[in-house]
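> Each chain, written out:
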Amino acid sequence: MAGRIAAAALAALLLAVPALAAQQPYVLHVLILTCLYAIPAVGLNLMLGYTGLVSLGHMAFAGVGAYTAAVLMVDAGWSFWLALAAGVLGSAAAGAAIGAVCLRFRTHFFMIVTLAFGLMLYSVMNNWDDVTRGAAGFPGIPRPAPIGEWSFGPLSHFYYLALGGALAAFAAQWLAVRSSFGRVLVALRQDERLAQAKGVNGMLYKSAVFALGSALAGLGGVLHVSFLRVAAPASFTLAESINAVLIVIVGGAGTLAGPALGALVFVGLPEYLRIAAEWRLVLFGVALVLITLFAPQGLAGLLARAWRAVRA
Amino acid sequence: MSLLAVEGLAKRYGGVAALAGCHLAFERPGVYGLIGPNGAGKTTLFDVVTGIVEPDAGRVRIDGRDVTGWPAYRLAAAGVARSFQECRVFPEFTCLENLLFRARAPESEARRLLRLVNLEKYAGEPAASLSFGERRLLEIVGTFMARPRILLLDEPAAGVNPALFEVLQRFIRTMYDERPLLFLIVEHNMEFIMALASEIVVMHQGAVLERGAPHAVQASPRVLEAYLG
Amino acid sequence: MLTAVLEQTLNGLMAGSIYVLVALGMVLIYGVMHVLNFAHGVLLMVGAYLCHFFFTRLTGSYLAALLLSIAALALIGIALERAVFRPLQGNLRSQVIASLGLILAIEHLVIALWGPNALQMRVPATEALVPIGALRFPLQHVLIIGVTLAIIAGLFAFLKYTKLGTAIRATSEDRQAAMVVGIPVERVDWMTFGLGTALAALGGALIGPLFLVFPQMGDAPMVKGLAGILLGGMGSVPGAVVGGFIIGITEALSTLVLPTDYRDSVAFAVMVLILLAWPRGLFGVRVRGED
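First to last, the protein sequences are chains A, B and C. Residue 1 is where the first sequence starts when you use the numbering used here, and the numbers rise one by one after that. Residue 313 is where the second sequence starts when you use the numbering used here, and the numbers rise one by one after that. Residue 542 is where the third sequence starts when you use the numbering used here, and the numbers rise one by one after that.
Don't read these hints as lab results, they were simulated from the structure. Everything numeric in this text was worked out from a predicted model, so none of it was measured. Note that CB positions come from ideal geometry on N, CA and C, so glycine has one too. This list has only true hints and no planted wrong ones.
One-sided and incomplete, this derived list gives chain A residues near chain C with beta-carbon spacing under 8 Å:
#, residue
1, A116
2, L119
3, N127
4, V245
5, V286
6, L293
Computed list of chain A residues with no C-beta within reach of chain B, every gap over 10 Å:
#, residue
7, V101
8, G137
9, A277
10, R311
Given these sequences and hints, build the entire structure.
Next up, the structure:
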């Protein structure tokens with residue numbers, strides 16, 4: 001009961017933000033970016049947190065979705081919504097195909113092959129000037145067309161789009177995790193050989209979650225470039241993929257709220273603390289090491305523990 | 313048509329022949345012990361029959377159907393279940409969740425089985441919190457939840473406190489009486505297996521050396537030589 | 542045409558030498574501890590920065606600076622082993638994630654302390670040109686290849702003939718057996734880690750004068766060294782050597798036929814292709830406990 005009240009309160013708060021923060025567009029900016037970082041993180045959380053697949057090339061799939069949508073919108077005149085769907089499907093397909101190759105390898109090899117594919121995809125984004133416009137970036141990416149009088153140009157309006165995307169991603173995560181599909185993923189993470197002995201076709205499930213994770217990355221990618229109005233390879237580098245891992249782990253791998261907490265901290269904390277960018281990342285790096293050593297459930301785990309302590 | 317048959321199985325690991333011309337057939341359900349000195353090929357035989365490794369040569373048949381090379385999950389669907397030498401359970405799942413994973417029997421059955429081995433008080437506890445012997449019991453109990461036709465237990469008594477032996481033996485006998493299936497049990501603990509099995513198969517150097525009633529096998533000079541020589 | 546091939550082969554040997562140094566450090570650590578230390582690249586970079594620091598602030602001798610930075614990195618490596626990697630032993634995912642954390646922390650610490658711009662480490666002594674056939678290479682190139690070959694020979698001798706070397710080999714092959722035989726595996730762990738990071742530092746100190754010293758300089762060598770290890774076979778020292786050189790030379794030769802922009806991808810494409818055919822790498826060693 002308490003959980004449901006809290007959830008309702010949170011939902012109301014989130015919806016009311018533009019009204020509450022009308023004088024501080026800055027807050028909206030931070031929240032939008034949080035949503036945009038959280039969406040791919042949900043995908044990676046399903047892969048890494050729940051299934052144990054450490055992908056070091058995740059953001060490359062965000063790039064696949066982003067550039068697919070960019071080309072369709074700018075070069076082929078598609079509407080935002082159709083391009084979004086195509087982008088998500090495109091990254092899902094790329095995830096399925098590349099995942100099929102990566103999943104042939106175990107543990108260490110898997111991680112490195114995902115890293116390799118991520119770098120190769122980045123290389124294509126950076127060098128295929130004819131299609132992606134190369135390193136300079138792909139400008140002119142539109143916001144969705146106005147619905148009647150209501151345009152997506154203003155920050156507060158785009159906020160609802162980003163929030164909608166994030167809610168869709170978290171809903172997908174919730175459905176996946178609560179279902180028997182989710183149970184199998186968690187079993188695979190704990191002991192794949194045992195799961196297979198119990199009748200689980202490991203390859204099938206891992207491929208499915210790889211494709212789903214990539215699709216979510218694509219969703220985040222399309223929204224991100226629509227927000228920035230430009231698609232740049234710099235958004236989809238190895239460093240960004242590592243940031244995604246950071247967000248998932250710090251937030252709490254394998255928890256439902258983890259991606260949201262991680263994204264909030266990643267985007268919001270440095271703005272709040274107002275420290276130089278380099279020191280921020282030093283702190284994050286140290287935080288990552290400390291969390292791995294002492295608090296594997298990340299912020300979500302720490303908060304849950306604090307909540308239990310308070311109630312006791 | 314045999315329930316389970318292996319014909320001419322061969323498997324090499326590097327320079328070592330784990331299985332060499334292994335022939336074995338079981339016509340009907342029963343509790344069979346599989347013994348033999350270290351390196352005789354017992355676990356490899358299990359690995360082949362449960363789809364963990366593919367044999368270099370030979371066939372595996374279930375009810376006459378060729379299942380050679382089938383992956384583990386497919387064999388599990390066909391009614392083959394096993395426990396592992398190193399004892400595998402899902403450490404984060406509770407005992408109940410472990411039992412209900414991909415189970416073909418309902419929760420009431422899971423609880424009943426837990427009661428039979430005195431583990432029902434741990435039903436809601438993560439499997440990792442159990443002692444090794446309790447985890448072993450949980451693992452073996454779990455294999456029944458899939459209602460298998462062929463159940464392979466790889467050294468079920470290993471590492472288990474002798475006080476729990478009787479619980480385990482009683483459980484296996486109870487399950488067999490309720491629903492006869494083909495039990496194949498690898499064991500080094502002679503006391504444990506001789507009391508349980510109706511027939512003993514002795515493996516040596518990758519093939520079947522001898523097969524018969526427990527007392528006959530124990531008295532066999534060939535078997536003695538295999539262990540000592 | 543032949544000159545171009547020769548030139549690229551030598552370039553490839555040089556690049557490959559750096560990859561081999563990184564790969565050797567990582568494969569030694571992996572063999573003994575089953576830890577894949579992704580942070581090896583930033584350690585190479587720190588080695589270069591420390592070498593630069595010692596060279597410009599402490600001693601005018603490149604050799605002295607190089608040796609000092611190797612010693613410093615060995616100590617840092619040992620500290621990391623004890624503080625981070627030993628507690629996480631056996632937990633693969635956590636180790637990788639912790640090393641990602643180290644990469645972030647160390648790379649940005651360097652940026653915070655030294656600034657984001659590249660530094661120059663000019664060692665006039667090694668700028669002289671050496672004629673090889675019709676080509677002329679800076680002495681530093683030849684030095685890199687020469688030193689690496691010497692290290693490889695030295696390492697093989699060390700592993701085969703010394704007590705510690707044999708202990709390392711034994712622990713890599715079968716940790717349990719090594720413990721039973723009385724080898725102090727915990728000591729072997731941190732010594733190997735120190736040795737591995739020392740090799741990374743050497744790599745950094747060697748390429749410093751050649752290219753610039755900048756915070757991201759270790760990223761590519763780390764990834765390519767990694768590709769080399771996978772290609773050569775995870776637990777295999779000869780594999781790391783062969784793999785590193787294959788990556789370096791293939792990459793360099795590819796610039797003769799492909800646009801240079803794609804050069805980095807070539808290494809990975811080669812790695813993925815070879816792994817598809819030989820899933821355990823060319824000299825693949827079947828490692829215990831890998832499910």
